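Participant: The lines below spell out each chain.
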Amino acid sequence: QVQLQESGPGLVKPSETLSLTCTVSGGSISSYYWSWIRQPPGKALEWIGYIYYSGTTYYNPSLKSRVTISVDTSKNQFSVKLTSVTAADTAVYFCARAPSTGYYYFDSWGQGTLVTVSS
Amino acid sequence: DIQMTQSPSSLSASVGDRVTITCRASQSIRNYLNWYQQKPGKAPKLLIYAASSLQSGVPSRFSGSGSGTDFTLTISSLQPEDFATYYCQQSYSTPLSFGGGTKVEIK
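Line order of the protein sequences matches chains A and B.
Quick note, the first sequence lines up with residues 1 to 119 if you use the working numbering.
Quick note, the second sequence lines up with residues 1001 to 1107 if you use the working numbering.
Hints may contain errors.
Covered, in the sense of this in silico footprint (three residues per stretch, anywhere, with C-beta under 8 Å from a C-beta of chain A), are these stretches of chain B [said to hold, decoys possible]:
#: 1; region: 1037-1048
#: 2; region: 1085-1093
#: 3; region: 1097-1107
With a straight-line cut-off of 20 Å between C-alpha atoms, the simulated EDC-like cross-links for lysine to aspartate or glutamate are [stated by the list, open to error]:
#: 4; chain 1: B; residue 1: LYS1107; chain 2: B; residue 2: ASP1017
#: 5; chain 1: B; residue 1: LYS1039; chain 2: A; residue 2: GLU46
#: 6; chain 1: B; residue 1: LYS1042; chain 2: A; residue 2: ASP107
Now the in silico label distances, taken between C-beta atoms and shown as ranges [what the hints assert, rightly or not]:
#: 7; chain 1: A; residue 1: SER74; chain 2: B; residue 2: GLU1105; range: 44 to 54 Å
#: 8; chain 1: B; residue 1: GLY1057; chain 2: A; residue 2: SER28; range: 19 to 29 Å
#: 9; chain 1: A; residue 1: LYS13; chain 2: B; residue 2: LYS1107; range: 43 to 53 Å
#: 10; chain 1: B; residue 1: SER1067; chain 2: A; residue 2: THR17; range: 35 to 45 Å
#: 11; chain 1: A; residue 1: SER84; chain 2: B; residue 2: ARG1061; range: 37 to 47 Å
#: 12; chain 1: B; residue 1: SER1010; chain 2: A; residue 2: SER28; range: 33 to 43 Å
#: 13; chain 1: A; residue 1: THR116; chain 2: B; residue 2: PRO1040; range: 12 to 22 Å
#: 14; chain 1: B; residue 1: ARG1030; chain 2: A; residue 2: GLU16; range: 40 to 50 Å
#: 15; chain 1: B; residue 1: ASP1017; chain 2: A; residue 2: SER74; range: 46 to 56 Å
#: 16; chain 1: A; residue 1: ARG66; chain 2: B; residue 2: SER1076; range: 35 to 45 Å
#: 17; chain 1: A; residue 1: LYS13; chain 2: B; residue 2: ASP1017; range: 40 to 50 Å
#: 18; chain 1: B; residue 1: LYS1042; chain 2: A; residue 2: SER118; range: 19 to 29 Å
#: 19; chain 1: A; residue 1: ARG66; chain 2: B; residue 2: SER1060; range: 36 to 46 Å
FYI, nobody ran anything at the bench for these hints, they're computed from the structure.
Remember, predicted model here, so these are calculated numbers, not experimental data.
Yeah, the Cβ is synthetic: ideal placement off N, Cα and C, and Gly gets one too.
Construct the entire structure; sequences and hints are all you get.
Facilitator: This is the structure we're talking about:
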């Protein structure tokens, strides 16, 4: 049973960079797509982007200029960096896995981590 | 970008009721539609993928249907553990997108 766990600072100052890591255990990071998804308090889910284990990435155009997703297969981890954050980036951030079946659905999720942007 | 619209945004129902939630895409997404259940403070859980395929371990009272632009999630007999928020998600094209959610509350 694969498990995903997000880690990183829970508080980030405005204009700084948000950095989170997702550690995958109980399974290999290979042959899957790995995504970051966020949810502002009381609001709906927003997909940030994905990385394939080979390193191919795709970002939501709404965040593309500020986001970078990377993978470290040796550590079974992938990470997200979001630059120039504002209060609008305050959200619970989830990491999730999607099988490479052609139907891009998220079958495993981390528990989520709340990141607050505030001075 | 494809916009996903769910209706209703909330509903009240009783245990044992049949519940139907609708999701509409702004353009045809064939059957690239997935459904999730989210409880407060928890991560979403996959229920249905490819519009009508039941994820392993999900009770058979959950079912999905539709293709093109209109989709439904049906709970045949609502159970106490089903009170939650439900989201649809299109995977036809990037950027992937979710609906606004439907909150199922106890009547």
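Participant: Now tell me if each hint is right for this structure.
Facilitator: So, going through the hints one by one against the coordinates:
1. Counting residues of the region 1037-1048 of chain B whose CB falls under 8 Å from any CB of chain A gives 5; the rule of at least 3 is met.
2. Evaluation of the coverage hint for the region 1085-1093 of chain B: fulfilled, as 3 residues show C-beta separations to chain A shorter than 8 Å, against a requirement of three.
3. Coverage of the region 1097-1107 of chain B by chain A holds. Counting CB-CB distances below 8 Å, 5 residues qualify, and the rule asks for three or more.
4. For the suggested pair LYS1107(B) and ASP1017(B), the alpha carbons sit about 10 Å apart, so the restraint of at most 20 Å is met.
5. Only pairs whose Cα atoms come within 20 Å are accepted, and LYS1039(B) paired with GLU46(A) is accepted, the gap being roughly 17 Å.
6. Taking the CA atoms of LYS1042(B) and ASP107(A), the gap is about 14 Å. The hint holds against a cut of 20 Å.
7. Checking the proposed 44 to 54 Å range against SER74(A) and GLU1105(B) shows it holds: the Cβ atoms sit about 46 Å from each other.
8. Separation of GLY1057(B) from SER28(A) is about 21 Å and conforms to the stated range, judged on CB atoms against 19 to 29 Å.
9. Between LYS13(A) and LYS1107(B) the Cβ separation comes to about 45 Å, which falls inside the hinted range of 43 to 53 Å.
10. Here the CB-CB span from SER1067(B) to THR17(A) is close to 42 Å, well matched to the stated 35 to 45 Å.
11. Separation of SER84(A) from ARG1061(B) is about 46 Å and conforms to the stated range, judged on CB atoms against 37 to 47 Å.
12. Judged by the Cβ atoms, the range 33 to 43 Å given for SER1010(B) and SER28(A) holds: they are separated by roughly 40 Å.
13. For THR116(A) paired with PRO1040(B), a C-beta distance near 18 Å keeps the hint of 12 to 22 Å intact.
14. Taking 40 to 50 Å as the suggested C-beta distance range, the pair ARG1030(B) and GLU16(A) conforms, at roughly 42 Å.
15. A beta carbon spacing of about 51 Å between ASP1017(B) and SER74(A) agrees with the range 46 to 56 Å that was offered as a hint.
16. Hint check: ARG66(A) to SER1076(B), Cβ distance near 44 Å, so the stated range 35 to 45 Å holds.
17. A hinted range of 40 to 50 Å holds for the C-beta pair LYS13(A) and ASP1017(B), which are about 48 Å apart.
18. Checked against the hint of 19 to 29 Å, the pair LYS1042(B) and SER118(A) passes, with Cβ atoms roughly 24 Å apart.
19. For ARG66(A) paired with SER1060(B), a C-beta distance near 43 Å keeps the hint of 36 to 46 Å intact.
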